[in-house]
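> Chains as they are written, first to last, in this note's numbering: chain Y, 1 to 214; chain E, 215 to 428.
These are calculated hints, taken from the structure and not from any lab test. Treat the hints with care, as some may be off.
[Said to hold, decoys possible] Computed footprint of chain E on chain Y; a stretch qualifies when at least three of its residues, placed anywhere within it, have a C-beta under 8 Å from a C-beta of chain E:
hint, region
1, 29–36
2, 68–78
3, 101–107
4, 118–132
5, 144–157
6, 165–178
Glycine residues also receive a C-beta, built at the ideal position from the N, C-alpha and C atoms.
2 protein chains.
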Amino acid sequence: MTTLYGYFRSSAAYRVRIALNLKGLDYAQVPVNLVKGEQRFDANLARNPQGLVPVLETDEGVRLAQSLAICEYLDERHPEPALLPADAEGRARVRSLAQLVACEIHPLNNLKVLKYLVHELKLDDDAKLAWYRHWIAEGFTALEARLAGEAATGVFCHGDTPTLADLCLVPQVFNAERFECDLAPYSTIRRITERCRSLKAFAEAAPGEQPDAG
Amino acid sequence: MTTLYGYFRSSAAYRVRIALNLKGLDYAQVPVNLVKGEQRFDANLARNPQGLVPVLETDEGVRLAQSLAICEYLDERHPEPALLPADAEGRARVRSLAQLVACEIHPLNNLKVLKYLVHELKLDDDAKLAWYRHWIAEGFTALEARLAGEAATGVFCHGDTPTLADLCLVPQVFNAERFECDLAPYSTIRRITERCRSLKAFAEAAPGEQPDAG
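Required output: the full structure, derived from the provided sequences and hints.
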């Protein structure tokens with residue numbers, strides 16, 4: 001049985017859940033409670049020395065870390081429906097949109113960073129929120145400009161089927177909403193997110209639908 | 215002519231330079247001075263609304279952003295020598311090692327973040343350095359554990375030829391050295407970096423060798 005070690009509110013686990021659902025793959029979920037620090041427990045460190053989620057264990061016993069690497073692996077092993085376009089330029093565009101979220105926005109706003117801001121830098125709630133919203137605004141402004149301005153954008157981030165870019169976008173929007181970021185300026189991002197959320201694969205991957213949702 | 219818009223000290227541009235050199239591709243370099251803020255000038259924003267480097271313009275006029283997406287594109291269009299292994303598990307491992315650097319370490323330590331720490335959060339030099347070194351230590355500890363503990367590690371991060379993982383590792387080590395991080399605990403990282411640096415493709419991609427090096 002394919003097993004996903006994750007956490008309901010982890011953006012990175014959320015991406016993998018969407019990919020598994022889109023591929024129609026059965027999987028078990030084992031929650032790792034990030035707020036309780038379970039990612040640093042021995043059992044999780046044995047699975048992933050980085051002490052992060054998600055980790056995917058395939059039914060062949062292969063253990064994989066890093067959400068984008070996991071999604072590309074799933075796409076290679078289970079090609080339908082494809083999470084990447086058929087052409088090299090399209091693949092580069094989709095990967096660059098996914099990485100705009102995964103390498104530029106999300107790393108600055110995840111739990112371990114917010115903890116550092118509060119515990120090490122002694123930031124108060126307002127300063128922490130300002131940090132969070134700053135990186136959302138900077139990243140989403142750029143992403144909106146690309147999505148609104150590039151001809152390859154369709155119903156989804158790239159064309160008319162969901163890709164790796166949508167898998168990254170939707171969890172990031174969920175997080176931005178949680179931190180009450182103003183999303184009014186990003187009409188293309190909102191339109192695409194709404195469309196994604198109307199699909200069962202995305203809806204069933206939402207944090208509130210997971211077994212460990214508080 | 216393939217053109218790389220970059221900056222000599224940008225880790226992300228450095229990754230792309232190594233990929234271009236490994237592939238033996240000719241390219242022109244156009245420097246975008248990040249310290250002077252040229253990435254926010256109109257000319258660069260027209261190339262990339264995110265206002266970042268690198269951007270690669272191919273001789274067919276295709277314009278690509280995000281260093282890992284660019285490297286995978288180059289690997290698909292110019293398959294030899296391969297930057298990814300032939301098997302899906304190997305590709306997932308290499309991508310996850312690359313993303314450990316590109317999604318977990320580098321985003322927290324790049325110039326725009328350090329500027330926010332100084333200008334918005336009013337951190338002094340010591341606190342900024344502590345931030346920098348904290349994320350290097352956390353990331354490199356995990357990376358070292360993986361590289362030292364996993365059988366697939368070879369002369370390089372994965373086997374005995376350079377991959378996307380080495381392309382990310384070497385620029386990150388360069389940056390860690392610049393900020394005088396203690397690299398003594400990471401013997402596998404140091405061994406692999408030294409081996410990479412002995413190759414012409416890596417040596418010629420080094421920041422100090424670029425036309426815009428100060």
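> Now tell me, hint by hint, if it's right for this structure.
Now the hints, each set against the structure:
With 0 residues having a Cβ less than 8 Å from any Cβ of chain E, the region 29–36 of chain Y misses the three-residue criterion, and the hint is violated. Given as covered by chain E, the region 68–78 of chain Y passes the check, having 7 residues with a CB less than 8 Å from a CB of that chain where 3 are the minimum. Counting residues of the region 101–107 of chain Y whose CB falls under 8 Å from any CB of chain E gives 5; the rule of at least 3 is met. Restraint check on the region 118–132 of chain Y versus chain E: 6 residues with Cβ-Cβ distances below 8 Å, three needed, restraint holds.
Using a Cβ-Cβ cut-off of 8 Å, 3 residues of the region 144–157 of chain Y lie near chain E, which meets the minimum of three, so the contact claim holds. Requiring three or more residues with a Cβ within less than 8 Å of a Cβ of chain E, the coverage given for the region 165–178 of chain Y is violated, as only 0 such residues are present.
Going down the numbered hints, you'll see the structure goes against 1, 6, while the others check out.
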